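K.L.:
Residue numbers (my numbering), protein chains in the order written: chain G, 556 to 1459; chain L, 4 to 490.
Keep in mind that the hints are not guaranteed to be accurate.
Derived list of chain G stretches under chain L, where covered just means 3 residues or more per stretch with a C-beta under 8 angstroms from a C-beta of chain L [unchecked claim]: (1) 873-887; (2) 918-925; (3) 1049-1056; (4) 1128-1138; (5) 1156-1169; (6) 1383-1394.
The set of hints was computed from the structure by calculation and includes no laboratory data. These figures come from a predicted structure and were not determined experimentally. Ideal placement from N, C-alpha and C gives every residue a C-beta, glycine not left out.
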Amino acid sequence: MAIGTFGSFTQARLAIYAAQTGLSITGNNISNINTLGYTRQRLDQTSLHVGGSDRYANAADVRTGQGVLCTGVSQLRDPYLDIRFRSSNADVGYMDAKLSGLQQIASILDEVGKGEQTEGDDFGILGAGLEEIRKALGNLTTETGHAEFDRQVKAAVEKVVGRFNDYAAKLEQLYNNTVTGLEEKVEKVNGLLTGIRELNEEIRKCDIHDDNALELRDQRNVLIDELSGYIKIDVTYSMEEICPGQEVEKITIKLDDANPDPTSVTDTATLIDGVYAAQISIDQVAQKRELDPKDTTTWPYLGADGKPAMFPEDAAEARIPNPNFDAAQDPSDTNPRYLMADGTPTNDPAQAAPARTLNPKADLTQPNAEGNEWYLDADGAVTTDPNLSQISYEANPDYKPYLNGKGQPTADESEAKLVNNPNFNMTVSELRDRKGYLHYITEKQTPIELRKDGDAAAYQEAIDNLGKTIKNRDPDTGNMHIVSYRESGKDENGDPIYTKYEYVQVLSTPVHLDDNDLHGALQADRELLTEKGEFMDTSIIDGTNEDALSCDEKARSKRGIPYFQKSLDLLANQLANAINGANQGYRYDDQGNYIGLVMGEDGEPMVDEDTGRVIGMPVSIPYQKLDENGAPMVDDDGNAVMGEYKLNKDTKWDKPEVWDALPKEVKTALEATGKTGTEAVKAYLSQPQTHQVQKTDQAGKPMFDQNGNPIMEEVPYTDEDGNPITMGIFEGAVLLSNHNNGDDTTNITARNISISNSWSNNAVSVIRSFQCGPGESEPASGDSKNVLHMQNLFHTKMDYVPSDLFSTRDATGDSMFNGTFSEMWENMGGILGNDQDVTNNSLTTSYKTTLQIDTNRDSVSSVDFNDEAMNLMMYAKSLNAACRLMTTIDTVLDKLINNTGVTT
Amino acid sequence: MIPRMTTVGNLKNYRYNLNRSGWTMSQAMTKIETQRNFNSFAEDPAAAARCFQLRRSYLRASSQLTLNESVYSKYQQAWKTLDGVSEMIDTVKPDTGFGSILEALNDSIASGRNALGQTLVSKADGVIQSMNGRYGENFVFSGADTLNVPFTWKPAKNPDYIDPAAAEADPGNPEYAAAFKYYAFADPANPDPANVVGTNDISDLSKVVQDPVLNPARNDPDYDTTLTPGDDGYEGMYLDANGGSTDDVTQAKWAPRENPDYDENSSKQYLKADGTPTSEESEAGRKLCYRGVPVDSNDNEKLNYYLYDEKKFIDLGLGFQEREGEIVESSVFNEALQGVYYLGGTGTTSKTVKVDGKEWTFDDMPNNVVSVMEEFGQILLRCDPDSGAWASDEDKARAYALAQQFEDSASLAKQRYDELDAQSGFLRDNGELLTNNAKTLNEQFLALEDIDPAAIEDYMYAKYCYDTALKVGNSILSQSLMDYMNL
């Protein structure tokens, strides 16, 4: 093919154009070298070839290209590296957020290198404080009875108590801040999802108009990369047909199967599907009140005595209520409250039928029998056997489990204030586009062939609707069913065969995420807020709690802020219980026998003549001795041979074999207290000592019976303050309480542990000893046995049992740690340090991996000065060459036109 | 294929590496500044836990050392006190208690016995005053009863004394029989001579058992018996049941039936120094009491408890432990010093002496050396002030017996003083042990915590690396083909 006269100019022009475009792209690359997420661009060029052959072309003619064409600009990007980067980035996001949380906990609890001037800088604070108490108790052992040394103990305890309060308050603040952080992160994720959706929409429009929208893609990649730090995601690209013959790219982002449970399906919920996006939210629930041992309106059940009960084990089993019961009247035989199994009303709970999970279709006024089964079993099947049905308990009518917006208790859940659910469970919303339209997926159903000899109704429906499109929305699911019928042939009788075509537009629905469906910064924050380690409810761990989400197998070894809060609570609680327990008891003599005062005829305690001190003698219970055959002993006169059974502190009262071996009189006396074991002994010792006095009338005159005999009555001895003098001598009071305005020891935590009111006011002090010398009622003034015992509490290894805390009473009853107070405290620091160390190492590894992948991405996608310099030189030289070509052609044409054949 | 290292990639890597280099230098710098190998559990969890454990042991050793020093000081004071007491009861040196006793036994200088008696009593006082000394605010020798004075002198009590109030309240009690002169009907409404209780009140004759065997009740002893009926002022010879006078012996009131067990001394609360009962406290002799209990009491439950069972334990780093709620005694130190123990003990013993050819056996020789001195002093004070003669042969014999007893008690007291000396030595050694222990622990945790010169090298190296990294960064930013382009 011969080139046109000016064809070569075009060739040069295209070359100049290509070089200029190349320079422009190079310039763009250089300009955006610092633009976040920018992907280097490349000019796509092809050599211009004009096709077709010239009919009269010379066979010897040589075909040449017609120059260069710029076909487009493309990005250099490796999708596989993007996938790897985003997966690794989720690890970085998770570890980074977790480490950040742990570091904040450590800033409160880690005492390495910290300390106060009293002992030196590096002895820790709470740890040194515990030692300070021990030391102060040690000083009190030598200086027993001197108030200033008791105050030293109090000052040391005050310091530790203050530190507990401070740490607990800071942990609480950290928890609240982390909640806020999580909420902000959720907002951030939602912003990213919205941003990606909008960019998708823009890119989609560009795609339709054949604009490759490279910069928008870069922006989207930045957002996706950022999103991958919060949530582990799976990004897929596909082509979407927008009309016959035209497809555009569609991006779909889903959760990336983070749940280790293979049966979980919620961990692949869709976040983005083209121009549709979901939002993530923290599930809101009615604000519930904590179970409070002092407030019966927080107690859910009723006991058999009709009084509120805290726990099911104390609750009365619910009975079938009589529908005709008049609640305005008191229950009685004429106003029976229950129904018996035959439907007869009764007011006797023992006769009433248990109200377990009831069959809603049963007629309770008719007997519970086959055909009218009152109950549902565990599988929801009807049954007449209440034992197969889930047990239910009498409910406390005054139960107010919720708090309304004003912080007041309420029984009405609808009035309650909505707050984040305690487990920070999340939901991925339905997918919606920018205008709010719901996303749906069209599912094609298997076509159904309808014959005349088949389903007559369906066949008739096909005839009636032939050629029509019928749309029906399912009222339950909201899904649209689109049905059409077509004739698809004839049967053997010549009757038409119709085919039913059905499409279902399945609407997008919210997905409630399971506990481990997420991975990334969001999940790290959730775990910081929820993971309790060993304090986790056993019912959740073993899966018997039907209300709970499926639980992470590693939940007992995952530790967030609640774990450290509970550990601190447990330590404070254990410390308070140990100290309070040691500071209360009954006095005993040198043989370990509990002692009591010996009352004289004058109603006053008897005093030792020599020493002038009040006498104390062992508390004993008379019993008839048994001979070697076990028969009651009598003397020669037939009188019972009596012994005195002394109540000794070293007797193992709680051991059944010891209890059973007690003389019957002793057992009877102890059991009369209504208790057994050690508790019975304590109750016995706390009973008042009584004596008989003649009763007096209102005028104060002695009273006599009809025979003139004085009327006697049992009256307790009292001390000078009017308090009864008990069988044993109780000594002591609590030193630590849950508030310094009282001596209440229930539910002591790190947040509320306080010096008790009595100790604050010096009404009590550290009890020096419970042991008295023989015949004494008070320990020696410098006896420090109990102080030493208290000191030993700080050496004693104890079991720390999560279920000992009221707030985690459903946690494991196994010991989570065995050690001294200090060791428990250091164990917390060690666990925190190890967690930090492991997380830090994981973060470093993940970060390096991510960086490596990012570097690999950069090696493909990012701008390099050397490359661009090369391009600059290349395109500059190309431009020069093209211009030279233009000049050459011009010169050649000039020669051809102006100088060829011309002679002068 | 060699990866394409781009400017952006290089910068990103450089930024990370420079950051890491800076962090490494910062860590090294923190170590130098704080002089600690680690500043958080996270940096070295195992070492941090170990250090806290060592520091805790160190604090314990330190506080045990403080307590040890305090107890040691108390023992030093006790030692000094007993040293002084030991001087006073020395049986070899002159001018001691024993010297006075020996002098007093020497008849040739008998006239000085009163003075020697006074000296011995004063020495007994002196010993007790020393033993009642305090260390700080605590009495050293009162066992576990550190707030109360251990030794007191109390009036000697009559062991046969019966509290009249108690006796009146329970007149039928055989234990109180010696307190009543007469018998009364236990049930006046149903007078039964076989059912009687004691009484000293004979004002209501209907209640008092009359003794028909005895003489009728005589009238006023001052009544003039020379008067005969018809004389002015004549009254009957007898008292009748109504308190009037009568000569008719059949109408006379019979004398109350007397209690043969009545002991007049039972109404006297105290004993004089010579052992005779008296109602006057001022006349009473004195008895040494330890924590309110007379030290010479035999088999006294309280004294036995003080001597053998009462303890005041303290943790001095001997491995303090409790087992089933009871202190393991070998793991603690008992700091209760029972003063009575160091003075020869309690109770009495038997001693036989032969004086002037006659053998005397005394079963009530006090074991306590102060009681011996006191009693010996009292015997000497009873001697004739001029001649110095013993008040009685028994006094003399008792003095000889007490002299022998003094030697025994003083010897025992000295042995116990040596025991205290050994305990003081133990405390001194324990103090040294605790000091060494604390030092070792201090060294151990400092060795773990404190940086060594290698940390300075680490810092220098980290700083060098960081500086170099900065220079590298400068090259990265400045060097590229762009800089050499020459279009």
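K.L.:
Could you tell me which of the numbered hints above are not met by this structure, giving the numbers in increasing order?
P.N.:
1, 2, 3 and 4
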